[in-house]
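Residue numbers (the numbering used here), protein chains in the order written: chain A, 1 to 114; chain B, 1 to 111.
These are computed hints drawn from the structure, not numbers from a lab. Backbone N, C-alpha and C define an ideal beta-carbon position, used for all residues, glycine too. Among the clues, some could well be false.
Label-pair distances were calculated between CB atoms; the ranges are [stated by the list, open to error]: (1) A:18 <-> B:13: 41 to 47 Å; (2) A:81 <-> B:42: 29 to 35 Å; (3) B:14 <-> A:61: 36 to 42 Å.
Facing chain A, from chain B, some residues (calculated, C-beta under 8 Å) [what the hints assert, rightly or not]: (4) 47; (5) 49; (6) 54; (7) 58; (8) 93; (9) 95.
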Amino acid sequence: EAGVTQFPSHSVIEKGQTVTLRCDPISGHDNLYWYRRVMGKEIKFLLHFVKESKQDESGMPNNRFLAERTGGTYSTLKVQPAELEDSGVYFCASSLHGGNSPLHFGNGTRLTVT
Amino acid sequence: GDSVTQMEGPVTLSEEAFLTINCTYTATGYPSLFWYVQYPGEGLQLLLKATKADDKGSNKGFEATYRKETTSFHLEKGSVQVSDSAVYFCALSEGDNDMRFGAGTRLTVKP
Chain A
1 EAGVTQFPSH SVIEKGQTVT LRCDPISGHD NLYWYRRVMG KEIKFLLHFV KESKQDESGM
61 PNNRFLAERT GGTYSTLKVQ PAELEDSGVY FCASSLHGGN SPLHFGNGTR LTVT
Chain B
1 GDSVTQMEGP VTLSEEAFLT INCTYTATGY PSLFWYVQYP GEGLQLLLKA TKADDKGSNK
61 GFEATYRKET TSFHLEKGSV QVSDSAVYFC ALSEGDNDMR FGAGTRLTVK P
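All chains should be built: construct the whole structure from the sequences, respecting the hints.
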């Protein structure tokens with residue numbers, strides 16, 4: 001079984017530019033989550049998809065962040081325009097069931113905004 | 001809202017030393033509790049979990065007991081190895097709410 005894959009693994013962009021992160025969940029996992037870890041702090045929840053629908057997007061920091069999951073398969077997270085404080089590691093996770101089901105994480109995308 | 005607080009790192013131990021990483025939580029009800037581990041260059045993976053009070057989760061020699069009276073879920077291992085060097089995250093999930101993580105504790109085990 002292929003795990004959760006994220007692309008790219010690293011991205012360095014300048015302030016004001018746009019970056020799109022991609023996540024491919026484990027096949028068959030309806031639940032897809034985005035998390036972010038900034039500067040060694042806690043991993044913060046961004047949003048949760050169930051299939052193509054946004055179940056909970058309460059963690060999205062502002063309207064510069066846009067997440068999509070067209071067709072309920074892979075997901076993208078776009079940051080436009082990027083700011084310095086957006087730097088961090090963005091993790092994607094998926095699970096077969098929601099709630100307290102264990103999450104399967106990707107390796108993360110390290111985003112650096114200069 | 002629900003939250004998790006874990007001890008700050010980094011923690012550096014010698015091989016075969018005893019490990020404790022403290023974790024306390026705040027929740028309105030009865031959450032499930034988890035420890036995730038992130039090895040260098042990899043994503044997080046589930047280490048162990050406990051779903052109700054007094055449950056003990058265990059895996060790879062690690063243990064954690066769900067203590068409702070102290071709202072704690074401390075991670076322990078009796079004898080650490082170099083291969084245990086990683087970042088450890090305490091987490092909770094309550095009902096249909098999404099998982100909440102602590103800040104992570106970096107463990108380095110020296111030979």
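Against the structure, the hints:
Checked against the hint of 41 to 47 Å, the pair residue 18 (chain A) and residue 13 (chain B) passes, with Cβ atoms roughly 43 Å apart. For residue 81 (chain A) and residue 42 (chain B), the hinted distance range of 29 to 35 Å is satisfied, since their beta carbons lie about 31 Å from each other. Distance hint for residue 14 (chain B) and residue 61 (chain A): a CB-CB separation of about 41 Å, consistent with the stated range 36 to 42 Å. With a least beta-carbon distance of about 10 Å to chain A, the hint placing residue 47 (chain B) at the interface is violated under the 8 Å criterion.
Contact between residue 49 (chain B) and chain A, as hinted, is supported at the beta carbon level, the nearest pair being about 7 Å apart and thus within 8 Å. Proximity of residue 54 (chain B) to chain A is violated relative to the hint, the smallest CB-CB distance being about 17 Å (cut-off 8 Å). The interface hint given for residue 58 (chain B) is violated, since its Cβ lies 15 Å from the closest Cβ of chain A, which is over the 8 Å cut-off. Satisfaction of the interface hint for residue 93 (chain B) is found here, the shortest Cβ-Cβ separation to chain A being roughly 4 Å, below the 8 Å cut-off.
Interface hint at residue 95 (chain B): satisfied, since its Cβ lies 7 Å from the closest Cβ of chain A, which is below the 8 Å cut-off.
Checked against the numbered hints listed earlier, the structure breaks hints 4, 6, 7; every other hint is satisfied.
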